[in-house]
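**Student:** Residue strings, one per chain:
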Amino acid sequence: MEAPQYVAARVQQALAEDGRTHELGIRVDIRGDQLFLRGQVSGAEQRERLGQVAHEVAPELHVHNEINVVEASAPGEDEHLD
Amino acid sequence: MTDLRIAAVGDIHLGEDVRGQYRKKLDGIEDRADVFMLAGDLTRHGTLEEGKVVADELRGLPIPVVAVLGNHDYHSDLQYEIASELRDAGVIVLDDDGVVVQCGDKKLGVVGGKGFGGGFAGKCASEFGEREIKNFVSHTRHIAEAWKVALKEIVADHRVVLSHYSPIKETLEGEPHEIYPFLGSYLLAEAVDTAGADLILHGHAHKGSEKGMTPGGIRVRNVALPVLGRAYCVYCLDCEDDMQSHEG
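So the protein lines, in turn, are chains A and B.
Take 1 as the starting number for the first sequence in our numbering and just add one per residue.
Take 1001 as the starting number for the second sequence in our numbering and just add one per residue.
Hints are computed from structural coordinates only; laboratory data are not their basis.
Model, not experiment: these values are computed from the prediction.
Ideal Cβ positions, reconstructed from N, Cα and C, are used throughout, including at glycine.
Mixed in with the good hints, there may be bad ones.
Distance windows between CB atoms, simulated [claimed, not checked]:
| hint | chain 1 | residue 1 | chain 2 | residue 2 | range |
| --- | --- | --- | --- | --- | --- |
| 1 | B | S1084 | A | G19 | 19 to 27 Å |
| 2 | A | E2 | B | D1077 | 42 to 50 Å |
| 3 | B | R1023 | A | H55 | 42 to 50 Å |
| 4 | A | H55 | B | K1211 | 33 to 41 Å |
| 5 | B | G1028 | A | E2 | 47 to 55 Å |
| 6 | A | G32 | B | R1087 | 49 to 57 Å |
| 7 | B | H1139 | A | Y6 | 24 to 32 Å |
| 8 | A | A44 | B | G1216 | 15 to 23 Å |
| 9 | B | G1104 | A | E45 | 36 to 44 Å |
| 10 | B | A1125 | A | A16 | 18 to 26 Å |
Hey, can you work out the whole structure from these sequences and the hints?
**Tutor:** Spelled out as structure tokens, the structure:
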């Protein structure tokens, strides 16, 4: 059986290099047959694509997609640099 | 004396599926800021189609727009074509050079480019050993030298440096320490400290923190959109009436 660290590294590399995702900052943790994705992306579609790529790279694991979608809000208070 | 108001953001990562959405968030930016700066990673995969989306989102804004590219914008080896699309849309794209933007009665000098990595003093790569490592470090060194020369040559009331990679590790707090060498280099800060500037803006570190300063005391702001959580932030230089810094 392949060590989970190598599987996690392969998933993380795929998330960065797959043309559908190219997401560099996603954390991948494996515990037993469970794979957890954590991080932030700007859209729900990107979150789904990340889950799909992770599933394809490690189909034997159950993927828990815990990635948050963060929407950019309106600009807030200015900062004055004196 | 009037404030010089700089709106800034990085890492907007636009793709064809979000066409038109970011532009809506720029409505009224001319009432809030004198210039809009983009700190790289404007696209997701660096394709020309994405570059055209970015160009369309920024086209015809009523204030000057200055941008640099980020590593994502280089991914498809189409960085020059993307820069050309942006320039055709009226965006000033810096590539290790500078520009002077007229903001009301002030001249704002902006110097910058993509920047690059290598790490921070005491924990960084050196130009030693294999050619690949030497190329990595010397790429950053050449960029830093170009910025220093551009900053010294520019004539303006204020000077701001616009980068994608970080010049300091303080604004990387939150990122894993192991990847700091891929997020920035102290060589960038050293160059700017030598030549002088009022502010450095960068992106790239989505999990980093917003505020820091160089060893020489120049304010640094990580304006990556995931860090700001907002469409852009506004930084004011020369604030005589309200000298208080709005922290937090």
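**Student:** Is 36 to 44 Å respected by the C-beta to C-beta distance linking G1104 (chain B) and E45 (chain A)?
**Tutor:** holds, 41 Å
**Student:** With 42 to 50 Å as the target window, see if E2 (chain A) and D1077 (chain B) comply at their CB atoms.
**Tutor:** violated, 33 Å
**Student:** Does the Cβ-Cβ separation between A44 (chain A) and G1216 (chain B) fall within 15 to 23 Å?
**Tutor:** violated, 43 Å
**Student:** Per the hint of 19 to 27 Å, is the separation of the Cβ atoms of S1084 (chain B) and G19 (chain A) within bounds?
**Tutor:** Cβ of S1084 (chain B) to Cβ of G19 (chain A): about 23 Å, so the range 19 to 27 Å holds.
**Student:** So does A1125 (chain B) sit 18 to 26 Å from A16 (chain A), Cβ to Cβ?
**Tutor:** The hint (18 to 26 Å, Cβ to Cβ) holds, given that A1125 (chain B) and A16 (chain A) are roughly 21 Å apart.
**Student:** Taking the beta carbons of G32 (chain A) and R1087 (chain B), is their distance inside 49 to 57 Å?
**Tutor:** holds, 53 Å
**Student:** Please test the hint of 33 to 41 Å on the beta carbon pair from H55 (chain A) and K1211 (chain B).
**Tutor:** Given a distance of about 38 Å, which is inside 33 to 41 Å, the answer is holds.
**Student:** Assuming the hint says 24 to 32 Å, is it satisfied by the Cβ distance from H1139 (chain B) to Y6 (chain A) or not?
**Tutor:** Given a distance of about 30 Å, which is inside 24 to 32 Å, the answer is holds.
**Student:** Between R1023 (chain B) and H55 (chain A), does the beta-carbon spacing fit 42 to 50 Å?
**Tutor:** violated, 34 Å
**Student:** Range hint 47 to 55 Å: satisfied by the CB atoms of G1028 (chain B) and E2 (chain A)?
**Tutor:** holds, 54 Å
Taken one by one, the earlier hints fail for this structure at numbers 2, 3 and 8, listed in ascending order.
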